[in-house]
Amino acid sequence: MKFTSVFDIIGPVMIGPSSSHTAGAARIGRVARDLFGRQPKWVKIHLYGSFAETYRGHGTDVALVGGVLGYDTDDERIKTAFEEAEKAGLEFEFIPEQAAKEHPNTARLLMGDDSGEMSVEGISIGGGKIEISEVNGFKLRLTGGMPAILVVHQDRTGCIANVANCLAMHSVNIGHMEVSRIERGLTALMVIEVDQNIDERILEQLSYIPHITKVSKINN
Amino acid sequence: MDVLFQNVRELVALADKENKLISEIMIEQEMLISGRSRETIMEQMERNLVVMEEAVERGLKGVQSVTGLTGGDAVLIQNYIANGKSLSGELLLDAVSKAVATNEVNAAMGTICATPTAGSAGVVPGTLFAVQHKLNPTREQMIRYLFTSGAFGFVVANNASISGAAGGCQAEVGSAAAMAAAAIVEMAGGTPAQCAEGFAITLKNMLGLVCDPVAGLVEVPCVKRNAMGAANALVAADMALAGVTSRIPCDEVIGAMYRIGQAMSPNLKETARGGLAATPTGREIAQKIFGSAMPS
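Heads up: the protein sequence lines correspond to chains G and F, in order.
When you line the first sequence up against the numbering used here, it's residues 1 to 220, in that order.
When you line the second sequence up against the numbering used here, it's residues 1 to 296, in that order.
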């Protein structure tokens, strides 16, 4: 079931004019920022399907930038997000694409700063609800509706057990978990949905585990 | 995930079996899924109700969108009602003006509550704040109105779509109007089965409605589609309360809506490439606002 709560239907409270193109876009931007772990210095936003055709009229552009600045769907500053981005030192660029994606409302964010880069692809499925469909080339399905931890790691024996152990030590319960890899023995990704918000301390401890390359989180 | 209902048939059967309102089933399901208390859930919905009230209030004072394409019509309609010469009836026009008010605020990038989407956010509150004067509901009944709407919207979202990009305007204003009809029926004292009839009758008359926003903006024709969605909801609710039933069951109407959405050309699904967006005037407006016509 894609929609689980009545508040997915009656809600969100948001700045207009479009739940999928404005509120959904803001949420994609915000989750991307959370996954990156800080405000990036620059972001290149590729837009597909209906997003590419109508992003200016729907305020998709200001909403995505507002999201990357950390704004919620009902934050009035979404309207002036371009000016706010300049103040905050965030460079942004929009690239409307012709290619067809599986879902008509897809955005792909490439972002980075002096310490790293990340790509996040999100889709807006209607009524302000979103799914994250790809992170750094890894296919996944993440709703952003539950707190989650993303762990990039080397595909080695014991890595997953070590991460699960660390979470267990902090009494964090795993609700759902997915592991994917590009090629055996190379880089892999764990997507772990958990029942409570994760604090920085746990994230830091996870990053000390051998063969772990990068850890990020989405809180709810 | 365990839910109490997956379609309208199950929803109505459960309400009948337990002798409960549709809104009550929705509240219980939300408690079950979220693990939160009834009180917390009711409070959250009341906050949404307050946002809706504020949006209507703001729209009735008169707003203008950045482009100037929409705004001020809610005021025109209210003034017309005050003259006492309305033909379609004061309650109906009141709902229309309040639906318009909400969507004018939305187009002006104001704060609204999506029901089920922002582009269709006028219908549910517009009808609620109009029937309010006739039915004199308690605050709790007004909050329940939103849960009843939500219960039907939940079924549509999971079995079809509430996205204009995926299913056209029928999925947005069509769903909103049908949700509102069901909620009006419950507030007026109709049975759960009558709620479903009101929903089905409304949605049947919204099938095939395309999403063709001029210049890609949620303004033309969205604001007036909300107006007609509200009118459609009120008339269908009255029909259901009168005992009229839909020959095609509610869930099958939702299924038809989904398949029509699948068959609809992408030009007519929120891409601003077809329908009203592609008319000479529609293109001219796009040119004026963005300096270039929308791609054809």
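Don't read these hints as lab results, they were simulated from the structure.
All C-beta atoms in this analysis are idealised placements derived from N, C-alpha and C, irrespective of residue type, glycine included.
Heads up, a few of these hints could be off.
To be verified - Each pair of labels, with its calculated beta carbon distance range:
id: 1; chain 1: F; residue 1: G243; chain 2: G; residue 2: D199; range: 24 to 30 Å
id: 2; chain 1: G; residue 1: E86; chain 2: F; residue 2: E39; range: 39 to 45 Å
id: 3; chain 1: F; residue 1: D16; chain 2: G; residue 2: N162; range: 36 to 42 Å
id: 4; chain 1: F; residue 1: A242; chain 2: G; residue 2: E86; range: 56 to 62 Å
id: 5; chain 1: F; residue 1: F290; chain 2: G; residue 2: I182; range: 47 to 53 Å
id: 6; chain 1: G; residue 1: D199; chain 2: F; residue 2: I33; range: 21 to 27 Å
id: 7; chain 1: G; residue 1: D113; chain 2: F; residue 2: E57; range: 52 to 58 Å
id: 8; chain 1: F; residue 1: V66; chain 2: G; residue 2: Q196; range: 37 to 43 Å
id: 9; chain 1: F; residue 1: P266; chain 2: G; residue 2: Q196; range: 37 to 43 Å
id: 10; chain 1: G; residue 1: Q205; chain 2: F; residue 2: V50; range: 41 to 47 Å
Right, here's what the structure says about each hint:
In this structure the hint that F/G243 and G/D199 lie 24 to 30 Å apart at CB is violated, the actual value being about 59 Å. About 44 Å separates the C-beta atoms of G/E86 and F/E39, a value consistent with the hinted range of 39 to 45 Å. Our hint of 36 to 42 Å for F/D16 and G/N162 is violated, since their Cβ atoms are close to 53 Å apart. Range check, F/A242 to G/E86: about 59 Å between beta-carbon atoms, so the 56 to 62 Å window is met.
Range check, F/F290 to G/I182: about 40 Å between beta-carbon atoms, so the 47 to 53 Å window is missed. For the pair G/D199 and F/I33, the beta carbons lie near 26 Å from each other, so the given range of 21 to 27 Å is met. Between G/D113 and F/E57 the Cβ separation comes to about 44 Å, which falls outside the hinted range of 52 to 58 Å. Take F/V66 and G/Q196: their Cβ atoms lie about 41 Å apart, and the range 37 to 43 Å holds.
A beta carbon spacing of about 41 Å between F/P266 and G/Q196 agrees with the range 37 to 43 Å that was offered as a hint. The given range of 41 to 47 Å is respected by G/Q205 and F/V50, whose C-beta atoms sit roughly 42 Å from each other.
Against the hints set out earlier in the document, violations occur for numbers 1, 3, 5, 7.
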